Amino acid sequence: MVMSQTDAAFSNAEPIEQDVAVSVRGVSKNYGAVEALKDMSLEFPRGQLTSLLGPSGCGKTTLLKIIAGLLKPDTGEITVNGKAVVGPGPNRAFVFQDFALLPWANVMRNVAFGLELRGVAKSEREDKAAKYINDVGLQGFEKAYPHELSGGMRQRVGLARALSVDAKVLLLDEPFSAVDEQTRRKFQEDLLALVANENKTFIFVTHSIEEAVYVSDQIAILLPRPSRVSEIIRPSSFRLKGAENIRRDPEYLDIVDEIWASLRDYVE
Amino acid sequence: MYIKGYKLPAMSSLLIWGLLWEIVGQLGLTFFVPPLSEVFVTLFNIIGTPAFLKALSETAQAFLAGVFFSVAIGIPVGILMGRSRLLDELLLPWVNIFVSAPLTALVPVLMVLFGFGLKSIIITTTLFGIWIIILNTRAGVRQINRSLVEMASSFGASPLDAFLKVYFWAALPEILGGVRIGVIRAVKGVIIGQLLISIVGFGALFELYATNFLMSHFWAVLIVLFALAFSISEFLRYLENKVSYYAASR
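The listed protein sequences derive, respectively, from chains A and B.
If you count by the working numbering, then the first sequence holds residues -19 to 248, one letter each, in order.
If you count by the working numbering, then the second sequence holds residues 7 to 256, one letter each, in order.
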């Protein structure tokens, strides 16, 4: 199920990707003389999780921030549900690598902060936040401050904050890279459940091949210098067999190996 | 500090210096240093007098107004400079000039511009306090974690919300540090203003006592002033400690 990604490949993939939530067309971004992204095009199917995977410097975080509206592309266009992106908007929510929590605010206020900025009344936003605090398994910690929580729990707060604004598209920037291995595995399982239960589109940046293959419906491999989408991989069967069986599925192992084979030359 | 396992109470060094002062005073080496005990006796004698209370209220009024303006103008300007490259380029040279300028030399100019009254004293006080508050606030805002800024903007924070709910709090440890130093400078400012502009308040007392060689009176007022400045500064340090729990983890 590995397709080589040439210019024509998008049309091949169209039958599965009819319902596109986010589309990136011809996006370029330069930082001075450095080309972060060059004429990049990519489509993200609705209700699915797409990983952006690649070595450092391939522009995956840049692309994510452009989709979020945090960075402006030099050329090209992003549409989310058919609407062009001109800046941050309520149809997208961002989960940060370093959590980006307010250190002076407790868990409840942090989770409700997205709603607070949108002007939702206090009681209403706290009801909503309480639901998502429960969903991410942080009940009982509503009054705790970020510095009293472990890295994994802090990212649960970040996740709950992104979920509580009820955006249709969730953007996750290496969300598990700052938490320990065991917590990360638990997160990955929870993420699978989240993708299955929430009707949202997930765009997930990671540098971990195993993580990408484990959680993704679709994996976009990005290569650097110049930044480009080198291939799109859609794992087929193993994700239906249950979270605990994925890691020993032959297809899972093959895809992991294959991706490593194509990336190893780009790793300094 | 510990000596041979015994914890010395805070500020015990003051006791040693106080003792030394008393000895030098008792020896009568110079009229400039009366014994500390005599200074304290004078202190308790003058502290309730109408002249002293009037001076205290005049000084407090000018000081509080000056500190208010330094804080109310300094913090927003510092935040704006930290966030806007353009404003920073425009204002930073001036702030740097004024933070190190001999402001006392400007006081005569202020008198020409704003007259001999309270207004000039308040402006002098503000000028002494405001620059370090601007610089510290700016530094605090510039070190705000980039992803906090992105977080605010990605959840659609209006500029005002971002200022009030994110930038101010994220820079608060530095802001409080700046306000603490600014307040101490403002104490200098208010006394210099009262000495140079119109002889009122503590400035007038200093003038009166110094020209009449009433050194124990002079020292007594200085001690009161020190005690006031010290308590305000310690109060701000206490607030700083209250936010230090997140200063390290921003």
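Don't read these hints as lab results, they were simulated from the structure.
Don't take every hint at face value.
[Unchecked claim] Calculated Cβ distances over 12 angstroms to all of chain B for the following chain A residues: (1) Gln77; (2) Arg141; (3) Val145; (4) Glu211; (5) Val247.
[Claimed, not checked] Covered by chain B, per the in silico footprint, the following chain A stretches (three or more residues, Cβ under 8 angstroms): (6) 47 to 57; (7) 108 to 122; (8) 220 to 226; (9) 234 to 241.
In this text the structure is predicted, and so the values were computed from the model without any measurement.
Built from N, CA and C at the ideal position, the CB exists for glycine as well.
A quick look at each hint next to the structure:
1. At roughly 7 angstroms from the closest C-beta of chain B, the C-beta of Gln77 of chain A falls inside 12 angstroms, breaking its exclusion from the interface.
2. Chain B draws Arg141 of chain A into its interface by the beta-carbon criterion, the shortest separation being 8 angstroms against a cut-off of 12 angstroms.
3. Distance check on Val145 of chain A: its Cβ comes as close as 7 angstroms (rounded) to a Cβ of chain B, failing to clear the 12 angstroms threshold; non-interface status is violated.
4. With a minimum CB-CB distance of about 29 angstroms to chain B, Glu211 of chain A clears the 12 angstroms threshold, and the non-interface call stands.
5. Even its closest Cβ contact with chain B, about 26 angstroms, leaves Val247 of chain A beyond 12 angstroms, as expected for a residue assigned away from the interface.
6. Only residues whose beta carbon comes within less than 8 angstroms of a beta carbon in chain B count, and the region 47 to 57 of chain A has 3; three or more means the coverage holds.
7. Counting residues of the region 108 to 122 of chain A whose beta carbon lies closer than 8 angstroms to any beta carbon of chain B gives 0, which falls short of the minimum of three for the stated coverage.
8. Three residues within the 8 angstroms Cβ limit are the bar, and the region 220 to 226 of chain A against chain B gives 0, so the coverage statement is violated.
9. Judged by the Cβ-Cβ criterion of 8 angstroms, the region 234 to 241 of chain A is not covered by chain B as claimed, because only 0 of its residues qualify and three are needed.
Checked against the numbered hints above, the structure violates hints 1, 2, 3, 7, 8, 9; every other hint is satisfied.
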